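Undergrad: Next come the chains, spelled out residue by residue.
2 protein chains.
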Amino acid sequence: MGMTDVRRPRADRARQVADVLRREILYGRFRQGALPLEGVLAREFGASRNTVREALGLLREEGLVDRVPGVGTTVAGEKYPHGLHKLLGLAETLREHGEVTNEVRTMSVIVPPAAVAERLRLPPGEQVVYLERLRSLNGLPLSLDLTYLVREVGEPLFDADLTCNDIFVLLEGIAGQPLGMAELTLEAVNADPHTAAVLAVPRGSALLMVERLAHLADGRPVDLEFIRFRGDRLTMRGHLRRDQEED
Amino acid sequence: MGMTDVRRPRADRARQVADVLRREILYGRFRQGALPLEGVLAREFGASRNTVREALGLLREEGLVDRVPGVGTTVAGEKYPHGLHKLLGLAETLREHGEVTNEVRTMSVIVPPAAVAERLRLPPGEQVVYLERLRSLNGLPLSLDLTYLVREVGEPLFDADLTCNDIFVLLEGIAGQPLGMAELTLEAVNADPHTAAVLAVPRGSALLMVERLAHLADGRPVDLEFIRFRGDRLTMRGHLRRDQEED
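Chains as they are written, first to last, in UniProt numbering: chain Y, 1 to 247; chain X, 1 to 247.
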């Protein structure tokens, strides 16, 4: 029996084929840019040409491939891997893929809402530095980051080069110690119209949303970020262990 | 200075407020179900009522809150936390939130495509067990899982109760050893029409897509899964360390 069972709806079979192809695209099987012809893929997957065509249509809708009649199917744009195995800044984790630049959209000293103060273990009314950046890789928008920093490490950033540096690296220099642990919450959300415009994606595009509270090695929380990554440009990759201790 | 600067576009200020409120909703600040009145939130956030109204509108679009004129804003539906700190099955990680049930959509022995065989370290042509499940929490669809299992651990599953059990737990019983490490790739994707229908979400809804290859403790890869979680029902939560060894 081949990969797919004709008694199942074609949409189910197409999704099954698309998922394996997505994986191969993400991990660089088609580095030359072109995917095999539909007939070749059909044989490889033990699926009908109609199923393969529908699978390629799903990947085109996701923005992973382009399809040109008479030419074929090509990989549309690179999707970059953000390390999820350790705490890394964007420029650090994407170093081999190109240059990360940051456009500072706003930066100011503010009194944060109670929820932010509490996360940063600050007394009510204590000020923080608020920073908003549009981050790009090789000139293409990748993420929109909203950042709250405790003043001690945040204020020196007014004099730093925020365009070309990760906050993490700058913070470690200012604090004179490395970062330690970060708490992370990950979600998939649809881009609202204004965010879509900022990130240059269609309205409703899937975004990978990350809320991350980073602590210094000594345990103090110093950096609270709300990050929206373009879903069509970024994946997260890491490892999990079954025997990890609960903490 | 308050939370937000009136010289910035209101959409930027609304996003800033929405992100903090989202965090508070996800972590249970409004367990009674009702959010404070707009005027109260405006004071708390140092923002205008119009900005707060727009922020609440963003959260309503995400399906996080309902807004009823004259009644106010209420939390719309629970969003469940999937542990990202260790390798856990869905029923295991959501135990305190209710009952996970699985509808087996298809299950058969197939010859997988080369990419799947390679991931599972199987020679070309060797068969695997393919399994597709719609997984629900308390009767509400949560994820659609496409699973490839090596035959040794997959075939005994034809006689197992797949409706009420995580594959992980069943596999460990069959293999007589615990699982070890899993490789993980995370993406945000928009639901295609057919997947949207299966998961009972609007077309284009943001999904959290996970590809996960789980190994037994002895290092053999046995379980390759492609999972689509509903973005409106699930978050992933974990920790990262700055000093994690590369591997």
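Heads up, some of the hints might be wrong.
Given that identical chains are not distinguished, each listed pair holds provided it fits within a single copy or across any two copies.
[What the hints assert, rightly or not] Restricting the straight-line Cα-Cα distance to at most 25 Å, the calculated cross-link-like pairs of lysine to any residue (SDA-like) are:
| # | residue 1 | residue 2 |
| --- | --- | --- |
| 1 | 86 | 221 |
| 2 | 79 | 109 |
| 3 | 86 | 219 |
| 4 | 79 | 118 |
| 5 | 79 | 120 |
| 6 | 86 | 49 |
| 7 | 79 | 60 |
| 8 | 79 | 218 |
| 9 | 79 | 125 |
| 10 | 79 | 239 |
| 11 | 79 | 242 |
| 12 | 79 | 32 |
| 13 | 86 | 32 |
| 14 | 86 | 210 |
| 15 | 79 | 119 |
| 16 | 86 | 39 |
| 17 | 86 | 180 |
| 18 | 79 | 114 |
| 19 | 86 | 125 |
| 20 | 79 | 27 |
| 21 | 79 | 115 |
| 22 | 86 | 43 |
| 23 | 86 | 173 |
| 24 | 86 | 68 |
| 25 | 79 | 117 |
| 26 | 86 | 44 |
| 27 | 86 | 31 |
| 28 | 79 | 195 |
| 29 | 86 | 12 |
By construction, these hints were calculated from the structure, which means they are not laboratory data.
Just so we're clear, the structure is a prediction, and the values are computed from it rather than from any experiment.
Undergrad: All the hints need checking, so say for each whether the structure fits it.
TA: Status of each hint after checking the structure:
For the identical chains of this complex, residue 86 and residue 221 are neighbours both inside a copy (17 Å) and across copies (23 Å), given an alpha-carbon limit of 25 Å. In this assembly of identical chains, residue 79 and residue 109 lie within 25 Å of each other by CA distance neither inside one copy nor across copies; the values are 35 Å within and 32 Å between. Taking the shortest Cα distances, residue 86 and residue 219 sit within 25 Å of each other both inside one copy (17 Å) and across copies (22 Å). Proximity of residue 79 and residue 118 under a CA criterion of 25 Å is satisfied inter-copy only: 22 Å between copies versus 36 Å inside one chain copy.
Taking the shortest alpha-carbon separations for residue 79 and residue 120, only the inter-copy value of 24 Å comes in at or below 25 Å, while the best intra-copy value is 33 Å. Taking identical chains as interchangeable, the C-alpha atoms of residue 86 and residue 49 are never at most 25 Å apart, the minima being 42 Å within one chain and 40 Å between chains. With identical chains, the CA atoms of residue 79 and residue 60 are at most 25 Å apart within one copy only, with a shortest distance of 14 Å there and 30 Å across copies. Neither within a single protomer nor between protomers do residue 79 and residue 218 lie at most 25 Å apart by alpha-carbon distance, with minima of 35 Å and 32 Å respectively.
Taking the closest pair of Cα atoms, residue 79 and residue 125 never come within 25 Å of each other, the shortest separation being 42 Å inside a single copy and 30 Å across copies. Taking CA atoms no more than 25 Å apart as the test, residue 79 paired with residue 239 passes in both settings, with 19 Å inside one copy and 24 Å between copies. In this assembly of identical chains, residue 79 and residue 242 lie within 25 Å of each other by CA distance solely across copies; the values are 24 Å between and 28 Å within a copy. When the C-alpha separation of residue 79 and residue 32 is checked against a cutoff of 25 Å, the pair qualifies only within one copy, where the shortest distance is 15 Å, while the shortest distance between copies is 41 Å.
Within a single copy, residue 86 and residue 32 get their C-alpha atoms no closer than 31 Å, and across copies no closer than 36 Å, so neither meets the 25 Å cut-off. For a Cα distance limit of 25 Å, the shortest separation of residue 86 from residue 210 qualifies both inside one copy, at 15 Å, and across copies, at 18 Å. Taking the shortest alpha-carbon separations for residue 79 and residue 119, only the inter-copy value of 20 Å comes in at or below 25 Å, while the best intra-copy value is 32 Å. With identical chains, the CA atoms of residue 86 and residue 39 are never at most 25 Å apart, being 42 Å at best within one copy and 41 Å at best between copies.
In this homomeric assembly, residue 86 and residue 180 come within 25 Å of each other (Cα to Cα) both inside a single copy, at 10 Å, and across copies, at 19 Å. Taking identical chains as interchangeable, the C-alpha atoms of residue 79 and residue 114 lie at most 25 Å apart only when they sit on different chains, with a minimum of 22 Å there against 37 Å within one chain. When the C-alpha separation of residue 86 and residue 125 is checked against a cutoff of 25 Å, the pair qualifies neither within a copy, at 33 Å, nor between copies, at 37 Å. In the homo-oligomer, the alpha carbons of residue 79 and residue 27 lie at most 25 Å apart inside one protomer (9 Å), although the nearest pairing across protomers, at 31 Å, exceeds that limit.
In this assembly of identical chains, the alpha carbons of residue 79 and residue 115 lie at most 25 Å apart only when taken from different copies (19 Å versus 34 Å within one copy). Proximity of residue 86 to residue 43 under the C-alpha cut-off of 25 Å is found in neither arrangement, the shortest distances being 40 Å within a copy and 38 Å between copies. Within a single copy, residue 86 and residue 173 get their C-alpha atoms as close as 19 Å, which meets the 25 Å cut-off; across copies the closest is 31 Å, which misses it. Proximity of residue 86 and residue 68 under a CA criterion of 25 Å is satisfied in neither setting, with 40 Å inside one chain copy and 43 Å between copies.
Taking the shortest alpha-carbon separations for residue 79 and residue 117, only the inter-copy value of 24 Å comes in at or below 25 Å, while the best intra-copy value is 35 Å. In this assembly of identical chains, residue 86 and residue 44 lie within 25 Å of each other by CA distance neither inside one copy nor across copies; the values are 36 Å within and 35 Å between. With identical chains, the CA atoms of residue 86 and residue 31 are never at most 25 Å apart, being 27 Å at best within one copy and 33 Å at best between copies. For a Cα distance limit of 25 Å, the shortest separation of residue 79 from residue 195 qualifies both inside one copy, at 20 Å, and across copies, at 22 Å.
In this assembly of identical chains, the alpha carbons of residue 86 and residue 12 never lie at most 25 Å apart, being 35 Å within a copy and 30 Å across copies at closest.
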